[in-house]
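There are 2 protein chains.
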Amino acid sequence: MRLSNYLLPTTKDISSEAKLMSHKLMLKSGMIKQSSSGVYSWLPLGLNVLNKLANLIRVELNKINCHEIVLPSLQLLSIWEKSGRAVEDSDMKSQIFHIKDQKQTAYVLPPSGEEAVAELFKSSVHSYKDVSKILYQITWKFRDEIRPRHGVMRAKEFLMKDAYSFDVNKEKALISYEKIFKAYLEVFKKIGLRVIPVLAPTGAMGGNYSHEFHVLSDKNGESTIYYQEELNNYLKDDEFSLKGYEKFYAKEEEKHVVDDCKTLKIIKSKSIEVGHLFYLGTKYSKSLNCTYQDSNGELQFPEMGCYGIGVTRLIAAIIESCHDDKGIIWPDAISPFKLAIINIKAEDSVCREFSDKLYANLSGKYDVLYDDTNKSPGKKFADMDLIGINLEIIIGPKHAANKKVELK
Amino acid sequence: MRLSNYLLPTTKDISSEAKLMSHKLMLKSGMIKQSSSGVYSWLPLGLNVLNKLANLIRVELNKINCHEIVLPSLQLLSIWEKSGRAVEDSDMKSQIFHIKDQKQTAYVLPPSGEEAVAELFKSSVHSYKDVSKILYQITWKFRDEIRPRHGVMRAKEFLMKDAYSFDVNKEKALISYEKIFKAYLEVFKKIGLRVIPVLAPTGAMGGNYSHEFHVLSDKNGESTIYYQEELNNYLKDDEFSLKGYEKFYAKEEEKHVVDDCKTLKIIKSKSIEVGHLFYLGTKYSKSLNCTYQDSNGELQFPEMGCYGIGVTRLIAAIIESCHDDKGIIWPDAISPFKLAIINIKAEDSVCREFSDKLYANLSGKYDVLYDDTNKSPGKKFADMDLIGINLEIIIGPKHAANKKVELK
Chain A
1 MRLSNYLLPT TKDISSEAKL MSHKLMLKSG MIKQSSSGVY SWLPLGLNVL NKLANLIRVE
61 LNKINCHEIV LPSLQLLSIW EKSGRAVEDS DMKSQIFHIK DQKQTAYVLP PSGEEAVAEL
121 FKSSVHSYKD VSKILYQITW KFRDEIRPRH GVMRAKEFLM KDAYSFDVNK EKALISYEKI
181 FKAYLEVFKK IGLRVIPVLA PTGAMGGNYS HEFHVLSDKN GESTIYYQEE LNNYLKDDEF
241 SLKGYEKFYA KEEEKHVVDD CKTLKIIKSK SIEVGHLFYL GTKYSKSLNC TYQDSNGELQ
301 FPEMGCYGIG VTRLIAAIIE SCHDDKGIIW PDAISPFKLA IINIKAEDSV CREFSDKLYA
361 NLSGKYDVLY DDTNKSPGKK FADMDLIGIN LEIIIGPKHA ANKKVELK
Chain B
1 MRLSNYLLPT TKDISSEAKL MSHKLMLKSG MIKQSSSGVY SWLPLGLNVL NKLANLIRVE
61 LNKINCHEIV LPSLQLLSIW EKSGRAVEDS DMKSQIFHIK DQKQTAYVLP PSGEEAVAEL
121 FKSSVHSYKD VSKILYQITW KFRDEIRPRH GVMRAKEFLM KDAYSFDVNK EKALISYEKI
181 FKAYLEVFKK IGLRVIPVLA PTGAMGGNYS HEFHVLSDKN GESTIYYQEE LNNYLKDDEF
241 SLKGYEKFYA KEEEKHVVDD CKTLKIIKSK SIEVGHLFYL GTKYSKSLNC TYQDSNGELQ
301 FPEMGCYGIG VTRLIAAIIE SCHDDKGIIW PDAISPFKLA IINIKAEDSV CREFSDKLYA
361 NLSGKYDVLY DDTNKSPGKK FADMDLIGIN LEIIIGPKHA ANKKVELK
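Chains as they are written, first to last, in the working numbering: chain A, 1 to 408; chain B, 1 to 408.
Chain A extracted, bound-state conformation (with noise of 0.2 Å):
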């Protein structure tokens, strides 16, 4: 990418309002722009990592037979009043976004999908042969935030993963909530972020099985966690099971008895919350009348559960976790650029020309970004440092004169 036809609008000047590190971070660099209250753009380089990010749960999922479907954005409130969460006594009401069409057909905009799946699922699916299934969607939800805050970490409009497992039996679900829990410390793996799973309350959501996954900010987490100390070597186990991981102690601040944990080693964290699991149970598909044929012919509610990663939202976690005064540290998995070239003086010719070369040869096998642009070095490095791309390839008028470069 030449950087002369990006459009990359890094700035010192930010809302005031930014307080969280991720949220000037991100505002800093151009990878999002307010559009207003809770609500943002999201431009090249914040798209960039933003796709690189969902891919990489994408292929996780796909691994353990999950498929990927879009439920609509204008779902219909009947189905909303049908489960009791558009209801006036519904913890999520206030939360949820009404609209209405020209014919007064009233809509909701969703916040997740459980209404929405089991519908779809109940027309899709009849037979007990074809209920064992994972659908998931990576799309945009939205939440009417009375006080949106940290940028994307608590929007309006946020873009989310959701998993939905439908299953036969209690147990079955169960087997599918593991696969999930397991798939979840794989992608975390993956990104090399520290993520520590805990039971957690059920909430509006419903059911009365639920785990939720933090990352570590002891600065500036919204959350509080208590976790047993073994429970890090744990994680990292090839063997890890549900079984085995719910010996230690892991809880979130509203789970935390103290008494349970007295002559436990116990870690108090601050943490941001990135995904959770819940086990429904039949709430859903008994509220949306949602059933399938047994062997018997009966008709029975299939058992289902709802895994959700807040996508924009890891973003921000990430970035809290990995920057340092300059700027942000990409983990390799998502770094929107492998390398950049700087030309640090574009007007000389003998620099353009070896630049030029360089970029044309590396671009081919490569994300690179290629500064081209007039600004100052100075300029130049401190937005390549802001960004934060791994590797700098350095092109100054000495250098190529005798096609040399410098790494940084």
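Any given hint might turn out to be false.
You can't tell identical chains apart in this list, so a pair holds if it fits in one copy or across any two.
Said to hold, decoys possible - List time: in silico SDA-like cross-link candidates among lysine to any residue, alpha-carbon distance up to 25 Å:
1. LYS172 / GLU347
2. LYS103 / ALA86
3. LYS63 / LEU193
4. LYS122 / THR11
5. LYS100 / PRO111
It is worth saying that the hints were derived from the structure and are not from the lab.
Mind docking chain B on chain A? Use the hints.
What follows is chain B alone, placed relative to chain A:
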């Protein structure tokens, strides 16, 4: 992909509202499911094709230095009022979905992105040196259709690729326009689809120069176009230019003037519009006060163009052109699976072992759909014809015993 695990709810039982062959085939093949009037979920088969088509478009746009972004779906009503598209007497007003948050901030769910991209540009680009850009997104758009019909052909929620060019003057804007024009021809060539570009009215979008790209569809086209027979050859010319194209008569019905083409060999055809180009001038940059500094430090408005391809609509148009009485016939470039393995006797252990082995060998190299279900051979063949796999490897007990297969 093992069919026993995949979600492919093929069915004969479809809504009587489906009149168009593409609508019928998309429902029958389990590509989509209706969620409510004009709103659809995309199932794994449909999404597979949709992603392939979106990527094909992406590749051609990236080649000509377009840069991908994502504009939000929650767009402030105020910017749509500034542009005049959400005010009382606008043609577009009734088709815009309106929405409010709990603080009564008014938003629009956008059918396109001229306002939002001009706002983004205003906050990102300040100097004439950085103006020349083409930005695009491939995102779900919304239109409050009073009469949604023909499946995804005229839906309330649809995937659109919308691109926006910014230039310092009209001459350069028309060069951008021509680049996109040629990229569109390339996209349709890659799909193998005969598409005719015609001069078109600018309508609610504004501006004074516009072309639409039409797929010929004598039976079911909603539009009518008139074009000179000789244009067919010129469209294949490697030396294609907009100036060369303009020498031919090619007009959408509203632009058609009988007297202008009396002496020419004119073809009149029903057709389906799948893409459009608009040279917008400064309509949106002026109304949204989107400016840059020229070389004298004076504020100027960039010249804009906008360019859309209805991606979900194009899927329907392709099926409308490419099917027989048994089902869909996918163009190679977007075929969901390269080949299918059909085990016609899944309960036979010799058949199963042989098929499993073949699947293991081939699925690493190709996108393979493996029918390992217990369904009848008749149903298996009918489904493959329906979903349009070009190459079928059929394995029966006799063949398997001799390690032979039948190709279809």
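>> Are any of the numbered hints broken by this structure? If so, which, sorted upward?
In response: Nothing - there is no hint that the structure violates, so all of them hold.
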